[in-house]
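Assemble the whole structure, with the sequences as input and the hints as a guide.
Sequences listed follow chains A and B, in order.
Start counting the first sequence at 0; every next residue gets the next number (numbering that gives the first Met the number 0).
Start counting the second sequence at 0; every next residue gets the next number (numbering that gives the first Met the number 0).
Do not rely on the hints blindly, as some may be mistaken.
Identical chains share a label here; the pair holds if one copy fits it or two copies do between them.
Claimed, not checked - With a straight-line cut-off of 25 Å between C-alpha atoms, the simulated PhoX-like cross-links for lysine-lysine are:
no. : residue 1 : residue 2
1   : K277      : K228
2   : K277      : K325
3   : K154      : K182
4   : K423      : K129
5   : K401      : K277
6   : K314      : K297
7   : K11       : K297
8   : K341      : K271
Keep in mind that the hints were calculated from the coordinates and are not lab data.
Protein chains: 2
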Amino acid sequence: MNVILLSGGSGKRLWPLSNDIRSKQFIKLFKDEGNMYESMLERMYKNIKKVNNQSTITIATSHTQVSIINNQLGKEIGISIEPCRRDTFPAIVLATAYLHDVKKVPLEESVVVCPVDPYVEEDYFIALEKLYKLSKNSKYNLSLLGINPTYPSEKYGYIIPENKKEVSKVVKFKEKPNTQKAKEYISEGALWNGGIFAYKLKYVLEIAHKLIDFKDYNDLYNKYETLEKISFDYAVVEKEEKIQVMKFEVKWKDLGTWNTLTEAMNENILGKGIQNEKCENTHIINELDVPVLCMGLKNVVVSASSEGILVSDKKQSSYIKPFVEKINQPIMFSEKSWGSYKVINVQENSLTILVTLNSGNKMKYHSHNYRDEVWTIISGNGKAIIDGNEQNVKPGDVITMKAGSKHTIIANDELKVIEVQIGKEISVSDKQEFDK
Amino acid sequence: MNVILLSGGSGKRLWPLSNDIRSKQFIKLFKDEGNMYESMLERMYKNIKKVNNQSTITIATSHTQVSIINNQLGKEIGISIEPCRRDTFPAIVLATAYLHDVKKVPLEESVVVCPVDPYVEEDYFIALEKLYKLSKNSKYNLSLLGINPTYPSEKYGYIIPENKKEVSKVVKFKEKPNTQKAKEYISEGALWNGGIFAYKLKYVLEIAHKLIDFKDYNDLYNKYETLEKISFDYAVVEKEEKIQVMKFEVKWKDLGTWNTLTEAMNENILGKGIQNEKCENTHIINELDVPVLCMGLKNVVVSASSEGILVSDKKQSSYIKPFVEKINQPIMFSEKSWGSYKVINVQENSLTILVTLNSGNKMKYHSHNYRDEVWTIISGNGKAIIDGNEQNVKPGDVITMKAGSKHTIIANDELKVIEVQIGKEISVSDKQEFDK
Chain A
0 MNVILLSGGS GKRLWPLSND IRSKQFIKLF KDEGNMYESM LERMYKNIKK
50 VNNQSTITIA TSHTQVSIIN NQLGKEIGIS IEPCRRDTFP AIVLATAYLH
100 DVKKVPLEES VVVCPVDPYV EEDYFIALEK LYKLSKNSKY NLSLLGINPT
150 YPSEKYGYII PENKKEVSKV VKFKEKPNTQ KAKEYISEGA LWNGGIFAYK
200 LKYVLEIAHK LIDFKDYNDL YNKYETLEKI SFDYAVVEKE EKIQVMKFEV
250 KWKDLGTWNT LTEAMNENIL GKGIQNEKCE NTHIINELDV PVLCMGLKNV
300 VVSASSEGIL VSDKKQSSYI KPFVEKINQP IMFSEKSWGS YKVINVQENS
350 LTILVTLNSG NKMKYHSHNY RDEVWTIISG NGKAIIDGNE QNVKPGDVIT
400 MKAGSKHTII ANDELKVIEV QIGKEISVSD KQEFDK
Chain B
0 MNVILLSGGS GKRLWPLSND IRSKQFIKLF KDEGNMYESM LERMYKNIKK
50 VNNQSTITIA TSHTQVSIIN NQLGKEIGIS IEPCRRDTFP AIVLATAYLH
100 DVKKVPLEES VVVCPVDPYV EEDYFIALEK LYKLSKNSKY NLSLLGINPT
150 YPSEKYGYII PENKKEVSKV VKFKEKPNTQ KAKEYISEGA LWNGGIFAYK
200 LKYVLEIAHK LIDFKDYNDL YNKYETLEKI SFDYAVVEKE EKIQVMKFEV
250 KWKDLGTWNT LTEAMNENIL GKGIQNEKCE NTHIINELDV PVLCMGLKNV
300 VVSASSEGIL VSDKKQSSYI KPFVEKINQP IMFSEKSWGS YKVINVQENS
350 LTILVTLNSG NKMKYHSHNY RDEVWTIISG NGKAIIDGNE QNVKPGDVIT
400 MKAGSKHTII ANDELKVIEV QIGKEISVSD KQEFDK
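Shown next, in the form of structure tokens:
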């Protein structure tokens with residue numbers, strides 16, 4: 000089967016573990032069979048491959064997520080990168096064109112589009128494959144997965160099917176209702192719209208060519224910025240008569256808040272943490288090097304990272320967004336294609352960072368106009384290039400770089416470096432990159 | 000008046016703000032009139048001076064606390080340093096000898112001895128002066144302050160006075176009772192024994208000379224390690240007939256737990272913190288640079304420092320000690336006579352530290368056998384001496400020191416340095432100090 004996973008933007012609701020760079024789907028919170036922690040993305044990818052090892056998976060995302068996706072899934076994974084945000088129709092068209100032009104999937108083939116972040120069990124992946132086959136072998140242009148509602152939620156749009164069979168024509172879509180309306184819909188057999196649907200490549204690409212003047216994937220990619228913002232619902236779904244829905248009966252959790260997310264965790268403590276015997280239904284998710292001690296807490300989630308500390312009653316945790324938006328904190332931790340960095344000290348005119356370069360990786364050759372930098376190698380071996388001069392580096396070696404000097408470092412094995420930045424206005428935007 | 004403040008050892012109960020070096024009396028938690036934060040020690044000192052500007056105050060403490068006491072009260076404060084722990088009798092005798100031999104207080108003078116860490120109001124300090132005068136002008140050898148109990152506490156010893164007058168002879172002392180016994184004592188007019196008492200210097204020094212063979216303060220200090228461990232109660236109080244107690248009617252709080260301590264705080268948030276409108280009776284005490292966000296918490300204290308994070312139901316916070324004792328965390332922050340240090344990153348074979356040298360101060364000239372060090376100056380100006388060679392330093396300068404090299408740094412103005420330590424077994428004990 001072919002799958003497009005929509006990997007969305009930042010998740011303020013899981014602060015401090017999610018930030019503008021690390022969205023919730025990348026946080027490693029779930030134990031796999033081998034007792035290793037995996038992210039929602041890894042879990043989703045692994046399970047699709049388990050159901051059908053031949054699946055072609057493409058992740059539709061933005062530039063900022065590429066490094067972390069490659070770190071988690073390897074460099075071979077298909078990624079359709081939106082050069083900028085242009086709503087769901089351009090994004091889905093771009094990924095569909097990518098499947099056809101880059102991955103060479105035939106136009107007659109079907110693809111399933113689904114979000115990367117629901118927490119689902121094995122049956123979900125079996126349903127995805129059923130949906131794929133349904134789309135491939137039917138005359139309906141769009142095939143949706145409709146989730147059987149477990150309560151009258153106000154958070155979902157609803158799909159009204161013609162009848163109560165497993166697969167039915169869709170009569171109507173309903174916007175997110177209030178609880179009362181939701182109850183009415185459910186009594187009439189309505190299903191949650193989880194944004195999971197399948198279509199033939201041909202179908203979407205034909206609509207796209209009518210609306211957008213483009214040749215192929217590369218052409219669309221290059222003119223992406225000029226595209227009009229338009230939703231897939233508006234451009235496609237609302238104009239389509241031939242839509243069917245397949246009923247999906249089982250577990251579906253939208254892990255968008257700490258409350259729902261902790262329900263899906265295998266253990267109550269992740270990272271360094273202690274709970275005394277008076278704690279009940281309390282979770283610690285701690286990415287710091289120092290311990291969290293909880294005493295006598297009930298229904299509380301404690302989450303700590305380099306960005307901050309959240310202590311919340313679980314139900315209240317769904318209201319954190321406006322508070323987090325007011326926190327004006329620089330990004331303290333980021334995964335990069337070459338490894339990661341972590342801000343370890345902030346002063347008025349200096350910033351100290353722990354840089355980890357993965358074995359065999361290097362930074363881009365770059366310089367800064369307004370800051371000096373000092374590297375102290377603390378572990379690993381590698382090679383530094385400063386203004387064209389190469390030198391091997393080992394623990395204890397120190398390299399000083401004045402503003403303007405071009406520099407990079409290449410890791411032979413995993414290399415850890417303490418980088419001290421000194422300057423009047425230190426900013427991530429003060430960076431010039433060079434090819435060599 | 001003359002006062003000996005007993006400054007006791009580490010307070011695990013206020014972890015993570017207190018540690019083996021920073022006891023609770025040094026944590027700056029209380030707002031003074033000028034809206035600046037002050038510690039229990041500063042508050043105690045200031046209030047004694049307010050009641051009587053001529054008071055001679057001596058702090059009886061151990062070596063580890065001298066730097067922080069000098070930082071908080073200045074270098075002129077009298078400190079009687081116990082070279083090692085020998086229980087309360089040797090400690091009180093040493094401080095009394097210090098008052099007489101160093102501070103030149105006459106033998107006929109009285110001194111009030113009291114702990115540094117209760118949270119008390121102005122009337123307490125007036126009571127101390129009354130106690131001092133009572134001792135000075137009476138034939139009783141010991142004059143105690145008896146606190147009028149507000150509830151049948153199991154945490155105090157009780158004093159049974161002969162009558163209910165403001166000042167009465169003491170009939171008996173009772174060990175910490177259970178609640179039932181405490182109720183009985185209180186109904187008979189018993190008072191809490193808060194460990195506050197006054198005596199004439201002569202009286203304690205005469206007993207001391209009978210029990211210990213010493214000439215004067217210096218002699219006692221030098222042979223301190225050879226002294227027998229013996230409590231003041233056993234050596235003095237239990238053998239004494241002529242003891243009186245002065246009743247003290249008002250507020251007295253033992254701020255030994257987060258529960259009691261937060262009751263005395265002026266505000267609910269200290270440091271970077273946010274509470275949503277659903278929080279009740281919740282306190283944030285945050286020494287980290289990143290924010291703490293609390294949502295929907297009731298009766299909870301959150302305290303965060305470089306050592307760790309405590310999240311506790313307030314009542315449960317009195318039971319943290321055994322949990323904290325199990326946390327095997329190196330000391331991450333320490334005040335020194337010359338400034339402070341803060342561990343900002345820990346790796347297997349390296350440690351990165353932010354060193355702050357106060358203006359005009361310097362480290363001891365020293366070396367390490369098993370680690371290299373790299374200093375990067377990030378702010379301020381000063382002078383480094385490496386193996387006898389002096390050089391001026393400014394922001395951006397880097398100094399590398401191989402294991403074995405002697406080094407120090409002197410601050411012209413406040414100097415901040417990132418120190419990277421690299422070595423196989425990094426330990427605070429790997430340090431050799433030199434005079435020049």
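Structure-inconsistent hints, enumerated in ascending order: 1, 4 and 5
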